[in-house]
Amino acid sequence: MGALSILIFLPLFAALLILALPSSLKGSYRYIALVFTLAQLALSLYMYQQFDPTLGGINSISGYQFVEQIPWIRLDLGQLGKLEIDYFVGIDGVSLPLIVLSSFVMLMSIGASWHVEKSVKGYFALLMVLNMAVMGIFAALDFFLFYVFYEVMLLPLYFLIGIWGGARREYAAMKFFIYTLLGSVLMLLVIVGLYFSVVNPASGAHTFNILLMMNPSNYVDGSFFGFLGNYHEVFGVPARLVGFIVLFFAFAIKVPIVPLHTWLPDAHVEAPTPVSIILAGILLKIGGYGIIRVCYSIFPDIAADTNWWLALIGVLSIVYGALNALAQKDLKRMIAYSSVSHMGFVLLGIASLTAEGLSGAMFQMVSHGFLSAALFFLVGVLYDRVHDRYIYNFRGLANIMPTYTAYVAIAFFASLGLPGFSAFIGEAFVIIGAFNAEAMLTGVPRWMAVGGSVGILLSAAYFLWTLQRMFFGQTRLQGGEKWRLALTDLDTREKIVLLPALALALVLGIVPSLIFDNLNASVIQLLDTIKPYL
Amino acid sequence: MNISPIVASLLVVVLPFSAFVIQAILGRRSVSGNVALMAISLSSILSAGCVFFVVWTGEATLERITWFTIGTKSFSVGILLNKLTVFMQLLVCIIALPVHLYSRAYMKGDDGLHRYWMYLSLFCFAMLGLTISINLLQLYIFWELVGFASYLLIGFWFTRDAAVQANKKAFLINRIGDLGFLIGIALLYAQVGTLDLVELFGKSGFFSTETAVHDSLQLLDKNSAWITCAGLAFLLGAMAKSAQFPLHVWLPDAMEGPTSVSSLIHAATMVAAGIFLLCTVFPLFNETVLLVITGIGTITAFSAAIFALGQYDIKKILAFSTISQLGFMMVGVGIGAWDTAMLHLATHAFFKCLLFLCAGAVIHEMSHVKAHTNLTFDPQDLRNMGGLRHYMPKTFLCMLIGALALSGFPLTAGYLSKDSIVVTAFEWAASHGGSYFIIPAALILVSVLTAFYIGRLVFKTFFGSFSFREHIAAGKPSLHEPPSMMLWPMLFLAACSLFPLFGVQPLAYQQTWIIRGFHVEVDYPAQHAAHLFIPLGLTIGAIVAWTVGWQWYVKQKYPLRVDNSWVQWANRQGYLNELNDTLFVKGTLKLSDLLYAFDRYVVDGLTKLVTWVTQRIAVFAYWVDKHIVDGLVNLSANTTYYIGHLARHVQNGQLQGYMGFALTAVILGILYLIIK
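Heads up: the protein sequence lines correspond to chains L and P, in order.
Going by the working numbering, the first residue of the first sequence is number 1, and it counts up by one from there.
Going by the working numbering, the first residue of the second sequence is number 1, and it counts up by one from there.
These are computed hints drawn from the structure, not numbers from a lab.
There's no promise every hint is true.
Distance condition first, Cα-Cα at most 25 angstroms in a straight line; then the derived DSS-like pairs of lysine-lysine [stated by the list, open to error]:
#1 P:Lys73 <-> L:Lys531
#2 P:Lys590 <-> L:Lys329
#3 L:Lys329 <-> P:Lys73
#4 P:Lys203 <-> P:Lys222
#5 P:Lys608 <-> L:Lys329
#6 L:Lys495 <-> L:Lys482
#7 P:Lys394 <-> P:Lys370
Here are some chain L residues pointing at chain P (derived, C-beta under 7 angstroms) [unchecked claim]:
#8 Leu326
#9 Leu457
#10 Ser513
Where is the CB? At the ideal position from N, CA and C, for every residue including glycine.
Build the full structure now, drawing on both the sequences and the hints.
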């Protein structure tokens with residue numbers, strides 16, 4: 001078993017251990033989760049350290065690292081050929097930062113779960129299963145395996161929101177589940193279509209291998225998704241375009257893009273803090289990752305044709321999300337909408353099809369990962385104390401919670417893209433890349449870049465307005481003296497959870513090469529794959 | 001000391017940063033400000049001794065390291081030391097040092113003093129880093145950090161609503177400019193492929209033949225659209241930071257910060273960063289952009305001077321005066337003589353900082369009176385002052401020097417720099433001819449207005465009789481000179497506001513070392529007569545303005561009614577804030593509310609609609625299932641049952657019955673055979 005498999009299945013082992021231990025030991029569950037997640041983080045950092053930045057990955061198996069390929073399901077289907085499903089995992093420059101990010105955010109989430117009291121055993125077991133699933137998604141290179149992990153991820157999330165959530169938790173959980181399921185069911189159709197279109201040149205059998213799907217020469221002539229001489233149409237739309245759109249739809253729900261985003265504010269608001277952290281920190285990244293790994297790599301020809309529309313959706317999400325955030329009166333909902341806006345940058349950067357834009361998008365994903373996690377944690381701090389998040393119910397918190405205010409201010413300024421913090425690098429390079437797109441002739445016009453930059457202005461507006469309304473001025477609380485007593489400053493546990501995230505935002509903002517160095521080869525490789533079709 | 005200028009300039013930047021970190025760690029334990037003061041003192045010494053004099057008289061030098069690589073392109077950070085950058089760095093240090101000293105007395109006893117020193121050090125770090133950045137991206141980073149530090153300092157008294165409104169406004173308006181800057185960077189990068197200032201413009205800040213811009217300009221026309229767009233984008237950045245019309249609205253509000261902060265950040269250094277940026281990227285500007293810069297500068301200079309006339313708050317007058325003077329500098333850049341802009345930037349830094357510190361001293365003492373007498377009045381309002389020269393003669397002297405310099409009286413530094421801009425603007429207009437003369441004419445008018453409003457400030461503050469005289473005469477003499485810790489920085493700046501610092505010739509700006517050092521060539525001929533008549537005219541105009549002011553405010557021959565609508569209009573800044581508020585702020589909020597409603601009822605409504613439709617279909621399907629599908633099943637079952645039910649009677653268990661049936665069957669069989 002290789003390092004990558006250990007990384008994926010460590011949490012599963014933890015989940016089994018938690019389930020096996022009797023409830024009398026329930027105080028130990030959180031420690032088990034903590035120890036295993038720490039081990040996972042250590043392992044992912046080891047992999048980061050061992051990673052060879054010169055290898056590109058994307059569509060060449062030799063460019064992947066920590067690869068494991070074991071035949072998993074082999075079934076003779078008679079006339080249909082042989083079913084060939086592998087346990088096939090590996091990482092390249094695109095998945096590496098997201099894997100490290102995931103283990104980091106998971107750790108934050110465990111830290112935020114420290115005081116969970118409702119059915120602790122189930123809670124931590126589900127959290128660990130979820131952990132396994134997301135790691136699997138980022139590592140899987142076999143589409144079937146990818147799909148399995150993708151579906152496994154849904155289940156624990158549904159229960160985590162539905163059982164441990166807020167007042168309207170069932171509604172939110174259901175909405176989240178059905179939205180995501182809708183995407184993944186449609187994805188399954190395309191997966192099957194791809195399966196029958198692609199042949200493994202080594203064995204002659206159809207295959208689910210994602211990397212083989214990226215090579216045009218592996219497609220059967222005249223097959224449904226075939227590259228050349230493909231006249232298949234669905235309602236008059238070329239088959240490959242349909243395949244791309246369906247896959248994009250599935251991942252776009254996760255990102256989320258406007259107008260498929262409405263599950264997100266509901267899910268965030270109703271989810272408990274640790275699950276919000278995972279949702280914003282990891283789950284949304286699966287969308288961006290899927291677009292790069294699956295949509296753009298398997299359908300480079302369509303990617304080159306459609307990037308104008310994707311960029312438009314990106315800009316729309318940025319501005320629309322930011323304006324909606326400005327209208328919010330619930331702090332958590334505001335941050336949820338800000339996620340929509342910030343993830344729009346990811347889409348714009350990817351669609352720009354320039355090295356700067358793509359790198360900026362990846363950077364933005366990582367940066368948004370732990371910054372949004374920190375933001376949701378900060379909301380949780382307030383909610384834990386007074387069970388209220390309504391912005392106008394608080395005023396002048398800086399007077400009674402100075403340390404908390406300082407942390408919030410740092411997180412807000414980091415999120416609004418203050419230079420020196422990571423979000424700045426991500427957003428600035430998405431904008432620069434989008435501007436560069438016209439010079440590179442990728443078809444994204446400059447007005448979209450300008451439109452995207454409006455989002456930077458608006459993000460400053462809603463964050464600063466919130467700071468002004470909630471934290472500055474004379475102290476005035478809805479709950480009066482009772483709240484004033486309840487609103488104690490950050491305790492040590494909370495500082496321990498927050499400090500690394502904010503420190504990381506600072507470190508990455510000052511030394512962005514920590515991410516870019518491992519990313520460059522993959523970005524160039526991806527662009528080389530798409531360039532012939534531009 | 002034998003340190004290379006690069007290392008020394010790096011230290012200049014790093015020292016305030018370490019001060020910031022130390023203060024941040026110490027927190028409330030460090031309120032004396034010694035750390036910050038020590039850092040800025042060392043920075044000043046290093047900047048003067050090891051950087052400025054070496055580079056100004058010698059060669060431009062640079063040092064850079066690769067920061068990160070994206071794709072195949074590398075971005076570097078580093079230090080560029082040419083005349084412009086070292087000059088700016090030294091200026092920031094020299095202004096920051098007295099302000100630090102002054103702050104020790106001015107801010108004494110404030111509850112958040114530890115934050116004050118921390119923020120001040122952060123500001124110095126960002127501003128000093130800005131001056132010597134080699135890469136536009138690096139410059140942008142410091143540019144925003146400067147804005148961030150300014151945000152913190154404006155909102156220093158965060159329990160005051162006005163202060164937190166003001167810092168939000170300042171940051172947001174600066175953000176608009178930042179977007180311009182960012183777009184400019186992105187355009188430049190997309191077209192030229194580099195952001196390195198040396199690669200773009202050459203080491204000394206001018207075009208040299210092997211630079212990237214030069215190459216691409218050879219291929220492209222300098223009048224091509226993107227160059228114009230990039231130029232305008234950079235201009236937008238500079239307009240926000242340097243408070244140019246209509247983005248100037250944040251600066252008057254920024255006066256909510258401590259006065260010492262206003263003097264350093266919102267008068268002398270940060271607001272000058274926009275001018276500095278324009279000088280840095282000057283080679284990029286084509287005729288169109290330069291004309292826009294000139295126009296904006298003139299509009300700003302004029303409108304701000306008008307607004308300054310109607311203010312009663314002593315700091316607001318100075319704030320508008322700053323805006324107006326920054327407009328002069330803009331014009332200097334716009335007419336291609338950016339050396340005059342830098343000269344005015346330098347002289348203005350000294351005398352405007354001085355004016356603010358004097359104002360701070362006045363406010364300081366007025367607040368003392370207020371505290372002692374338990375009266376409620378606004379210690380910053382001119383109408384509550386008067387006759388203060390009797391109590392604070394040294395402050396009066398300093399303020400007078402500052403005011404004379406601002407008005408451009410001979411022998412002051414302001415005379416040199418203001419004349420340099422106005423005269424050059426005249427020469428520029430003469431070469432273009434016609435309507436271009438509006439610019440120098442407007443500048444001359446603004447100069448006279450400037451003399452008038454600053455004269456008004458001095459007269460209203462220091463002459464006449466003090467409004468609360470009886471209150472202080474009765475009690476202890478609570479109105480006196482500020483402590484010497486505040487006085488010495490003022491005296492220092494007053495000395496710097498006179499001509500000797502800039503050149504031995506008191507009346508010839510061409511002879512100042514700054515103009516000679518930058519040595520900017522303009523492409524229009526000198527008008528020798530202008531060098532005589534314009535300064536003379538300006539001086540006469542200023543004297544007339546002061547005389548009128550004397551008549552109005554000291555001799556009490558004020559001709560206008562108190563509620564004169566023009567004065568009201570100027571006082572309310574032309575109702576610009578109200579306009580912005582209704583148009584942009586409320587508009588955006590309306591839009592966001594509208595979009596949120598759209599999101600809830602339309603976008604999410606669609607989701608809900610789909611859910612509802614699905615549920616209805618499900619109900620219908622269930623109805624079909626229950627009544628039709630299952631109905632058919634039940635129908636067949638019931639039919640079968642009924643038939644069975646009918647047949648059931650046959651099996652009644654009675655022998656007679658069976659016999660009867662058998663007989664019937666036999667008879668029917670026989671009948672069948674017969675018929676057949």
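Hint check:
For the hint pairing Lys73 of chain P with Lys531 of chain L, the CA-to-CA distance comes to about 18 angstroms; that is within 25 angstroms, so the pair holds. The suggested pairing of Lys590 of chain P with Lys329 of chain L holds, with an alpha-carbon distance near 14 angstroms, which does not exceed 25 angstroms. The suggested pairing of Lys329 of chain L with Lys73 of chain P is violated, with an alpha-carbon distance near 43 angstroms, which exceeds 25 angstroms. With a CA separation close to 21 angstroms, the supplied pair Lys203 of chain P and Lys222 of chain P stays within the 25 angstroms bound.
Distance hint between Lys608 of chain P and Lys329 of chain L is fulfilled; the C-alpha atoms sit about 22 angstroms from each other, no more than 25 angstroms. Annotation: proposed proximity of Lys495 of chain L to Lys482 of chain L holds, straight-line Cα distance about 24 angstroms (limit 25 angstroms). Among the hinted pairs, Lys394 of chain P with Lys370 of chain P is consistent with the structure: their alpha-carbon atoms are about 21 angstroms apart, no more than 25 angstroms. Because the beta carbon of Leu326 of chain L sits about 4 angstroms from the nearest beta carbon in chain P, less than 7 angstroms, this interface hint is met.
Among the interface hints, the one on Leu457 of chain L holds; its C-beta lies about 5 angstroms from the nearest C-beta in chain P, closer than the 7 angstroms criterion. Interface restraint check: Ser513 of chain L against chain P, minimum CB-CB distance 4 angstroms, threshold 7 angstroms, status holds.
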